[in-house]
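Asks: The listed protein sequences derive, respectively, from chains A and B.
Its first residue numbered 1, the first sequence is counted upward by one per residue in the UniProt record's numbering.
Its first residue numbered 1, the second sequence is counted upward by one per residue in the UniProt record's numbering.
Possibly wrong hints are sitting among the right ones.
Identical chains share a label here; the pair holds if one copy fits it or two copies do between them.
In silico SDA-like pairs for lysine to any residue, Cα to Cα no more than 25 Å straight-line [unchecked claim]:
#1 Lys301 / Leu229
#2 Lys211 / Asn279
#3 Lys301 / Ser151
#4 Lys187 / Asn279
Treat the hints as calculated values from the structure; they're not laboratory data.
Number of protein chains: 2
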Amino acid sequence: MSEPKNLAIVGATGAVGEEMRLCLEQRDFPVKSLTLLASARSAGKRFPFRGEEIEVKELTHDSFEGIDIALFSAGGGISKEFGPSAAAAGCVVIDNSSAFRMDEDVPLVVPEINPDTARTAPRGIIANPNCSTIIALMGLAPLHEAFGLRSIIASTYQAVSGSGAQGIVELEEQVNAIATGGTFEPKVYPRQIAFNVIPQVDAFTDNGYTKEELKMLNEGRKILGLPELKVSCTCVRVPVYRSHSISITAQFERPVDVDAARAAYAGKAGVAVKDDPANGQFPVPLDTTGQDDCLVGRIRKNLVFKNALDLWVVGDQVRKGAALNAVQIAELL
Amino acid sequence: MSEPKNLAIVGATGAVGEEMRLCLEQRDFPVKSLTLLASARSAGKRFPFRGEEIEVKELTHDSFEGIDIALFSAGGGISKEFGPSAAAAGCVVIDNSSAFRMDEDVPLVVPEINPDTARTAPRGIIANPNCSTIIALMGLAPLHEAFGLRSIIASTYQAVSGSGAQGIVELEEQVNAIATGGTFEPKVYPRQIAFNVIPQVDAFTDNGYTKEELKMLNEGRKILGLPELKVSCTCVRVPVYRSHSISITAQFERPVDVDAARAAYAGKAGVAVKDDPANGQFPVPLDTTGQDDCLVGRIRKNLVFKNALDLWVVGDQVRKGAALNAVQIAELL
Numbered sequence: 001m002s003e004p005k006n007l008a009i010v011g012a013t014g015a016v017g018e019e020m021r022l023c024l025e026q027r028d029f030p031v032k033s034l035t036l037l038a039s040a041r042s043a044g045k046r047f048p049f050r051g052e053e054i055e056v057k058e059l060t061h062d063s064f065e066g067i068d069i070a071l072f073s074a075g076g077g078i079s080k081e082f083g084p085s086a087a088a089a090g091c092v093v094i095d096n097s098s099a100f101r102m103d104e105d106v107p108l109v110v111p112e113i114n115p116d117t118a119r120t121a122p123r124g125i126i127a128n129p130n131c132s133t134i135i136a137l138m139g140l141a142p143l144h145e146a147f148g149l150r151s152i153i154a155s156t157y158q159a160v161s162g163s164g165a166q167g168i169v170e171l172e173e174q175v176n177a178i179a180t181g182g183t184f185e186p187k188v189y190p191r192q193i194a195f196n197v198i199p200q201v202d203a204f205t206d207n208g209y210t211k212e213e214l215k216m217l218n219e220g221r222k223i224l225g226l227p228e229l230k231v232s233c234t235c236v237r238v239p240v241y242r243s244h245s246i247s248i249t250a251q252f253e254r255p256v257d258v259d260a261a262r263a264a265y266a267g268k269a270g271v272a273v274k275d276d277p278a279n280g281q282f283p284v285p286l287d288t289t290g291q292d293d294c295l296v297g298r299i300r301k302n303l304v305f306k307n308a309l310d311l312w313v314v315g316d317q318v319r320k321g322a323a324l325n326a327v328q329i330a331e332l333l
Numbered sequence: 001m002s003e004p005k006n007l008a009i010v011g012a013t014g015a016v017g018e019e020m021r022l023c024l025e026q027r028d029f030p031v032k033s034l035t036l037l038a039s040a041r042s043a044g045k046r047f048p049f050r051g052e053e054i055e056v057k058e059l060t061h062d063s064f065e066g067i068d069i070a071l072f073s074a075g076g077g078i079s080k081e082f083g084p085s086a087a088a089a090g091c092v093v094i095d096n097s098s099a100f101r102m103d104e105d106v107p108l109v110v111p112e113i114n115p116d117t118a119r120t121a122p123r124g125i126i127a128n129p130n131c132s133t134i135i136a137l138m139g140l141a142p143l144h145e146a147f148g149l150r151s152i153i154a155s156t157y158q159a160v161s162g163s164g165a166q167g168i169v170e171l172e173e174q175v176n177a178i179a180t181g182g183t184f185e186p187k188v189y190p191r192q193i194a195f196n197v198i199p200q201v202d203a204f205t206d207n208g209y210t211k212e213e214l215k216m217l218n219e220g221r222k223i224l225g226l227p228e229l230k231v232s233c234t235c236v237r238v239p240v241y242r243s244h245s246i247s248i249t250a251q252f253e254r255p256v257d258v259d260a261a262r263a264a265y266a267g268k269a270g271v272a273v274k275d276d277p278a279n280g281q282f283p284v285p286l287d288t289t290g291q292d293d294c295l296v297g298r299i300r301k302n303l304v305f306k307n308a309l310d311l312w313v314v315g316d317q318v319r320k321g322a323a324l325n326a327v328q329i330a331e332l333l
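Excised from the complex, chain A in its bound form:
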């Protein structure tokens, strides 16, 4: 790895921002200095980093002088407002929002899949993909290499921490209210999330799909370099605190085989197979919580389409789906 860098985290007090700090520490990233940035409301808060305490500073357009890499995770609005000025100050922006993902001159990177695309970032901005997309592709990329991916049909089981700390609080509060006979009003989600599932993640678009559902299509094409890839997705919020699960039917160009599919993951970084139905082994969200690796299981020959597999992919969307992936992009630089 190259010489130590001056890093900044924008949105340092959010769930993903906090996880970015942890990832930098745990992966022993060569940090010369770490600047934590957030809104004025959060300025002054202190967070530990490598045995020291770092005070959160207010994010301004002058925050990026001398910063080499800025990890943004404060929503699309903040990225659009401050990303370009950060890049103009000479720092590389790694942005976790959807603000720039589909821009042609912004690489969209999963380091295990398309690391080379991170080399050219004409605007000084590199985008971190959508969390469900990262997790699905971590499960699909080795199969794509083996069999040639043609289409994806996916149904997601998405954890509440995908909505940040407020999603966690909402689930906790509703569970408590139900246990004590209290009342509550859904705030973060359109319906009660405790002991319920909600087939809406992000806003609806004109064709009836939500934005979240179209991300796997658009981002998947860009990351895999497959402009003809077809994807149809149904995104569902479930009362799980952390880790997204995705039920996938994937069709391939070439004939598939379950054993060959399992073997395709051998030696692949960031993904492991947990798939032994005879011994009751398959991945669940609790398995990947706080873990770097995505897990793949329930690999079966699809019973409808030729050259198709059904599989079940699980990953920690705060970690590999967001913070870890951003830090891994920084490691590529």
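Following the hints, put chain B in place on chain A, whose structure we already have.
Replies: The following block gives chain B in isolation, referenced to the frame of chain A:
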């Protein structure tokens, strides 16, 4: 409706047995007498029915003298042991287990879909289909009529009451233990179900699919009379108390259209459309809990396959997925 009948419920103290009693009452079924049968352990318990109390009797091979219709919901073992003797005693058996569903001389009936098949029951046994299959088909049958069903890809979100009262208790106990910092050991499910999802419902078969996943294939073909129907299914248990949800991609013989799909449900009994994304309207499990009708929403043109739709179907699996469907079969007789 014909003259009042002598009815028996086998498994009267279980979740579905209790719901059968409620359905008979609520639907004003012409009951001449109601006999509640269960294991010796439950004999003597008393349940209300139309203002009276009925004492549960022990199930024996002599229990069916004078009974016209017996609703069985006490597991496949009990059905296999007592179903034939009940039929031999001249009573029609409506069986909620999987014991006889695939037998050629046993009709498998969803009254809204294939009521005519209930007319001929050479062995005196009529089978009630699997809960997820009933709910999926309630959503698909009107579309099949409109466009000609060719294949189904489904991912389920199945409530714990699908495992009976013990599934409900397990979720409650785990949620309580987590809230109070206590410990617990999963008993009903292979993994923790609270704040988790488990991609295993029923036992695994040799091809990696679970029995539950293959039911939608085999039972779907039989109910719809489509021996060539292709179905690939992933069944997942979620921490919801009641009502199954199913994310479905269905391919049809003829061109599809979202408006025509919604219109296909007009006037259909037992199923309603709740599908207005612009106004945030879609079905969730809480909507159908304790309700007769299945709800369909999130109807979209599938983005992968020609002539295909994505949709989201929700239904109370204790009710329409089991008890209500059995009582509706009895009403056909």
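Asks: Give a verdict on every hint.
Replies: Hints, verified against the model:
1. With identical chains, the CA atoms of Lys301 and Leu229 are at most 25 Å apart both within one copy (20 Å) and between copies (16 Å).
2. Proximity of Lys211 and Asn279 under a CA criterion of 25 Å is satisfied inter-copy only: 16 Å between copies versus 38 Å inside one chain copy.
3. In this assembly of identical chains, Lys301 and Ser151 lie within 25 Å of each other by CA distance both inside one copy and across copies; the values are 15 Å within and 15 Å between.
4. Only between protomers do Lys187 and Asn279 lie at most 25 Å apart by alpha-carbon distance; the minimum there is 16 Å, versus 42 Å within a single protomer.
Violated hints for the displayed structure: none, as all numbered hints are satisfied.
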